[in-house]
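Enquirer: Residue strings, one per chain:
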Amino acid sequence: MDYLLIIISAVFVNNIVLAQFLGVCPFLGVSNKLSTATGMSGAVCFVITLATVVTYLLNRYLLVPFGLEFLQTIAFILVIASLVQMVEIILKKISPSLYQALGIFLPLITTNCAVLGVAITVVSKEFNFGSGPHMMNLAEATVYAIATSLGYGLAMVLFAGMREQLARSSVPAAFKGLPIAFITVGIMALAFLGFSGIV
Amino acid sequence: MSKLALITKGFLKENPTFVLVLGMCPTLATTTSAMNGLEMGLATMFVLILSNIVISLIAPVVPDKVHIPVYIVVIATFVTLLQLLMQAYVPEVYETLGLFIPLIVVNCIVLGRAEAFANKNTVGDSALDGIGIGLGFTVSLVVIGIVREILGSGSVFGWKFIPGDGILAFVMAPGAFIVLGYLMVLFNKLAKR
Amino acid sequence: MAAKSNLLNMALSLSAVCLVCSALLGGVYAMTSGPIAEAQAAKTAASIARVLPEFSVQPELKTVEMDGVEYSYYDVPGSGIAVISSAGGFGGPLKLMVGVDDNGQIVNTVVLSHSETPGLGAKCSTDVAFIDQFKGWDPAERKLAVRKDGGDVDAITASTITSRAYTAAIASAYDVYLKVKGNE
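Chains as they are written, first to last, in our numbering: chain A, 1 to 199; chain B, 1 to 193; chain C, 1 to 184.
What the hints contain is simulated information worked out from the structure, not anything from laboratory work.
Note that the structure is predicted; figures quoted are calculated from it, not measured.
A virtual CB, placed ideally from N, CA and C, is assigned to each residue, including glycine.
Watch out, some of these pointers could steer you wrong.
Which chain C residues stay away from chain A? Per the calculated CB distances, all over 10 Å, these [as the list claims (entries may be wrong)]:
id, residue
1, 23
2, 61
3, 87
Listed below are the simulated DSS-like cross-link pairs for lysine-lysine, each with C-alpha atoms no more than 30 Å apart in a straight line [said to hold, decoys possible]:
id, chain 1, residue 1, chain 2, residue 2
4, C, 4, A, 92
5, C, 43, B, 160
6, A, 176, B, 189
7, B, 13, B, 192
8, C, 62, C, 135
9, C, 148, C, 179
10, C, 4, B, 160
11, C, 179, C, 143
12, A, 125, C, 43
13, C, 4, A, 93
14, B, 65, C, 4
15, A, 176, B, 192
16, B, 189, A, 33
17, B, 192, A, 33
18, A, 92, B, 65
19, B, 160, C, 95
20, A, 33, A, 93
21, C, 179, C, 43
22, B, 3, B, 189
23, C, 62, C, 179
24, B, 13, B, 3
25, C, 95, A, 125
26, B, 13, B, 189
27, A, 176, B, 9
28, A, 125, C, 179
29, C, 4, B, 120
30, C, 43, C, 4
31, C, 62, A, 125
32, B, 9, B, 120
33, B, 65, A, 93
34, A, 33, B, 13
35, A, 176, B, 13
Sequences are here, hints too, so could you generate the full structure?
Expert: Here's what the structure looks like:
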């Protein structure tokens with residue numbers, strides 16, 4: 001039950017792009033076509049989940065015991081950067097087809113603030129689920145990471161669908177490209193506001 | 001490029017928000033009021049100037065293949081430095097901006113300037129470039145903050161001149177996207193003249 | 001331009017950068033840890049001073065367990081206790097400090113952290129009419145619940161869930177007070 005709440009909250013209510021403004025740059029950058037949007041969503045989902053688990057363990061068993069929490073930012077970004085590199089190398093070796101699909105997006109992910117954002121949120125913020133406010137445990141953090149990235153994918157795929165339509169309609173010159181995209185995302189965010197309060 | 005042009009290019013020609021469209025996450029998230037926008041802009045400028053200076057100094061001796069990791073470590077160091085200083089001397093500001101201070105590490109503006117400018121220019125020019133782009137970013141954030149604060153809370157820099165609640169949607173997430181979209185339209189119109 | 005890469009200079013430059021950076025950060029951390037602790041202590045002291053009647057002794061941090069949850073509170077002999085409690089609000093946890101004096105009356109409350117909607121629930125930290133209604137409240141006589149739930153608390157307009165959370169946090173703080181008094 002608690003996990004269901006985490007999932008609904010992370011996918012709809014606190015959608016990472018539409019409510020928390022994380023990962024907006026790649027969201028705008030690769031949502032021109034539905035196919036690239038799906039590919040990027042898959043890669044982000046994979047990296048966010050992996051990075052959150054690794055940084056959670058790093059924080060819990062290395063930084064906190066030694067009182068080094070102030071190095072969180074620098075340690076997390078290094079872990080994420082090397083993780084992305086590693087994933088890239090491993091994928092290339094063991095599954096060339098998956099690498100074909102996700103590979104080109106991987107280098108972009110290091111500077112996707114959604115990854116670092118989720119990793120920091122999980123270890124620093126109290127959550128409301130279950131028995132009152134508390135810090136997340138590993139299982140909850142993992143579910144939260146997966147759900148958040150699903151929310152990212154959902155927003156991205158929905159938006160890519162709309163953008164393909166937008167490209168074919170006539171838009172005033174000054175609105176062409178990003179301005180109309182931003183306004184569309186704004187209206188989407190307005191729609192997502194309707195979910196607030198359900199958990 | 002003249003020294004003056006290095007500083008002023010951030011406002012129009014290479015405005016990081018409206019022209020380069022970089023660093024969107026803090027731009028959208030922290031501009032709920034003009035003051036928050038100003039604080040976020042200054043925090044980013046601090047990291048931008050210092051990392052530009054250091055990177056322009058070390059760029060000639062950093063091996064090509066590891067230059068990205070090295071730059072990231074340098075940037076992350078200055079961000080952590082900023083976090084510590086803010087916690088110590090302006091804890092309220094640190095609390096308001098929250099998550100978006102550590103996220104300066106992955107702000108594409110900072111790494112972008114390191115790659116596009118600091119690693120092939122002199123220390124002085126890189127510092128000026130940091131100041132220019134930083135100022136452009138700060139001004140953009142303040143403008144977005146002012147618009148959202150007027151529409152959302154009926155005030156500017158906390159000075160309330162419209163009684164009542166304002167249009168709440170502009171303080172919340174949708175307003176951020178919509179205001180930025182329309183400001184871009186305005187910017188495009190004005191820039192064309 | 002950048003130097004040619006080989007294993008030796010890559011490893012050397014990376015470790016040199018990491019070494020310099022961590023030394024710098026360690027130094028700054030040592031320098032700022034004092035002021036950071038002071039800033040936090042000052043914030044806590046200011047909150048305690050707001051929620052309790054004047055006192056001259058040093059507040060003492062204690063903890064008590066109630067229903068399997070550990071609560072922290074500041075004991076100020078001769079004045080009362082300041083309990084830190086939280087409840088689930090609209091956007092996330094709502095954390096309060098609640099001052100209860102020795103007569104079992106609520107002196108004042110202050111919001112320590114919240115993630116409520118700006119302009120709506122976020123008013124719980126600024127709306128004077130809402131916050132001040134709890135001053136001098138005696139939970140033994142008046143029911144700590146919003147009017148919608150049959151209590152005596154006037155909720156913030158359009159923010160019933162936030163008001164409920166605020167009220168619930170005060171109620172559990174009062175339970176902590178009763179437990180602490182019962183233990184003495």
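Enquirer: Would you list, in rising numerical order, the hints stated earlier that this structure does not obey?
Expert: 3, 10, 30
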